[in-house]
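**Student:** Letter by letter, the chains look like this.
There are 2 protein chains.
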Amino acid sequence: MDLHFKQVTIVGVGLIGGSLGMILKQQELADRVVGVGRSLENLELAVKLEAIDEFYQDPKSAMKDADLVILATPVESYALHLQEWGHLLEPGTIVSDVGSVKGKLVAEVEGILPEQVRFVGAHPIAGKEQSGVGASCPDLFKGAVCIVTPTSQTDEDALSSIEGLWKAAGSVMVSLDPFLHDRILGAVSHLPHVVAFALMNTLLELQEDAGGSQNWFAYSGGGLRDTTRIAASSPEMWRDIFLWNRENLLRMIEALGGQLNRFQKLLEDQDGPGLEHAIAQARDARRQLP
Amino acid sequence: MDLHFKQVTIVGVGLIGGSLGMILKQQELADRVVGVGRSLENLELAVKLEAIDEFYQDPKSAMKDADLVILATPVESYALHLQEWGHLLEPGTIVSDVGSVKGKLVAEVEGILPEQVRFVGAHPIAGKEQSGVGASCPDLFKGAVCIVTPTSQTDEDALSSIEGLWKAAGSVMVSLDPFLHDRILGAVSHLPHVVAFALMNTLLELQEDAGGSQNWFAYSGGGLRDTTRIAASSPEMWRDIFLWNRENLLRMIEALGGQLNRFQKLLEDQDGPGLEHAIAQARDARRQLP
Chain X
1 MDLHFKQVTI VGVGLIGGSL GMILKQQELA DRVVGVGRSL ENLELAVKLE
51 AIDEFYQDPK SAMKDADLVI LATPVESYAL HLQEWGHLLE PGTIVSDVGS
101 VKGKLVAEVE GILPEQVRFV GAHPIAGKEQ SGVGASCPDL FKGAVCIVTP
151 TSQTDEDALS SIEGLWKAAG SVMVSLDPFL HDRILGAVSH LPHVVAFALM
201 NTLLELQEDA GGSQNWFAYS GGGLRDTTRI AASSPEMWRD IFLWNRENLL
251 RMIEALGGQL NRFQKLLEDQ DGPGLEHAIA QARDARRQLP
Chain H
1001 MDLHFKQVTI VGVGLIGGSL GMILKQQELA DRVVGVGRSL ENLELAVKLE
1051 AIDEFYQDPK SAMKDADLVI LATPVESYAL HLQEWGHLLE PGTIVSDVGS
1101 VKGKLVAEVE GILPEQVRFV GAHPIAGKEQ SGVGASCPDL FKGAVCIVTP
1151 TSQTDEDALS SIEGLWKAAG SVMVSLDPFL HDRILGAVSH LPHVVAFALM
1201 NTLLELQEDA GGSQNWFAYS GGGLRDTTRI AASSPEMWRD IFLWNRENLL
1251 RMIEALGGQL NRFQKLLEDQ DGPGLEHAIA QARDARRQLP
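Residue numbers (our numbering), protein chains in the order written: chain X, 1 to 290; chain H, 1001 to 1290.
Please note that a few of the clues may not be correct.
[Unchecked claim] Under the rule of at most 25 angstroms between Cα atoms (straight-line distance), these lysine to aspartate or glutamate pairs were calculated in the DMTMM-like manner: (1) H:Lys1104 with X:Glu41; (2) H:Lys1265 with X:Glu276; (3) X:Lys142 with H:Asp1226; (4) H:Lys1104 with X:Glu276.
None of these hints come from the bench; they were simulated from the model.
Chain X with its partners taken away, still in its complex shape (with noise of 0.2 angstroms):
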């Protein structure tokens, strides 16, 4: 299959969308990269760095030409994108995404975008705790993966480029049920993010509470800094998140709860082979990650 596109518009040049520029322009993947974003600066930088070749702030100007659309903007925005500019679209454009939420938001995408236009869902699991298109890199998907979420409504063709572009950039390709895959982003993604906000927000607390005039985080090593890494995150972007996989998230907060509670039991009952036994099974699902 020949993987070439004429035009590729990547709407939202940040982290994400500029490295995803950046291997089109390195690989010759695309006669031509336009970015579409609201900030001047950053646009300009996206062409500084060879993310993109051109830029509009008016996503409209930017879409006449494209056989390929990149969705990279937070996914709350992805309805109000294309209720402004999807109908401009010459059949058969492939639209895609990079969202961390599938399910009901590809079913929404489906049912905005004019029939001719196809829809692949995809999701490259990969990111630093930096954002913006100066933390972009082509390396950025390298031996990650990316899941892909195709419905019955999926054009294969489509679908096959859109595999094939992530396979380009060092991508292992996987694929799921949109809403399967929010079940699962839930449990190992979205959760932790959860965790991370609370702990971090937990220790503002007890600081506070014990007078808040020690610095209690001068006395935190490497493991603190490993386990709220993930806090350290776009609040926007995760409020979108957390909104559009709520129903799950609010059953995974509830399991992990009851693990919380749990442990207090144990403490409480001063269960050492008890406290033991919950420590190594967590140790055990902990060596079985990849």
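Using the hints provided, position chain H relative to the given structure of chain X.
**Tutor:** Using the frame of chain X, we list chain H on its own:
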């Protein structure tokens, strides 16, 4: 001050004890470094790695000529150890430790040791998820905080010697009351471990609830890996730390539960601005970490 010991006896030649032994030997801070442990294989490896000069499996034989004894075993074993050989120590001998809890433990140790033996509580905040002398290295404590926890009973000269030893290891010294130590470390270290263990166990539970046929961890990225790195720690060691700091931990798990409830409430109310605020608060706190 001339920092030099005739014989340093390290009880428990694991990651921390072994690394300290390497430092003592490399910097020639002791004429002789003697290891005590149960596993012959581990002790022989420690000699081979130049962490100790010689060893005994019976601790009593290792105490006769010691002018410094370092307890580097799980904290639960301190009392048994001191009862076994504390009375064999020469007057003036310094006993110190590397345990992650202090408070009640320091009081207990001071109660067991003969009056002329000088105890100094110490806690180097360093470690890795690997354990055992095989993971030891003389750089382990470089740039890391080491907390000493003197009490009204602590001998000033002994305290200076222990501070000198850890400074030689490259540590940044701070001094805390033993009970305040447990409160602060409960927050910035022990609670994050509870969280990492409970999160791993929650993921196991969620995956089992879903039928367990699919390996959800295959879809995880660097976020989960970092967040749960410390869940790979030793069950025996953390069982003991949790039990010794249970009052603080119970209160802190309760506070964490409150912060998780806050996220649940915000999700139930679909409160976007509230979520963004709670996340931004966590992110700002995360940025304060050293």
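**Student:** Has the given pair, Lys142 (chain X) with Asp1226 (chain H), been kept, meaning a C-alpha gap of at most 25 angstroms?
**Tutor:** holds, 18 angstroms
**Student:** Between Lys1104 (chain H) and Glu41 (chain X), does the CA-CA distance stay at or below 25 angstroms?
**Tutor:** Answer violated: Lys1104 (chain H) to Glu41 (chain X) is near 58 angstroms, above 25 angstroms.
**Student:** If you draw a straight line from the CA of Lys1265 (chain H) to the CA of Glu276 (chain X), is it 25 angstroms or shorter?
**Tutor:** violated, 33 angstroms
**Student:** Checking one constraint from the list: CA of Lys1104 (chain H) to CA of Glu276 (chain X), max 25 angstroms. Satisfied?
**Tutor:** holds, 21 angstroms
When held up to the earlier numbered hints, the structure conflicts with 1, 2 and fits the remainder.
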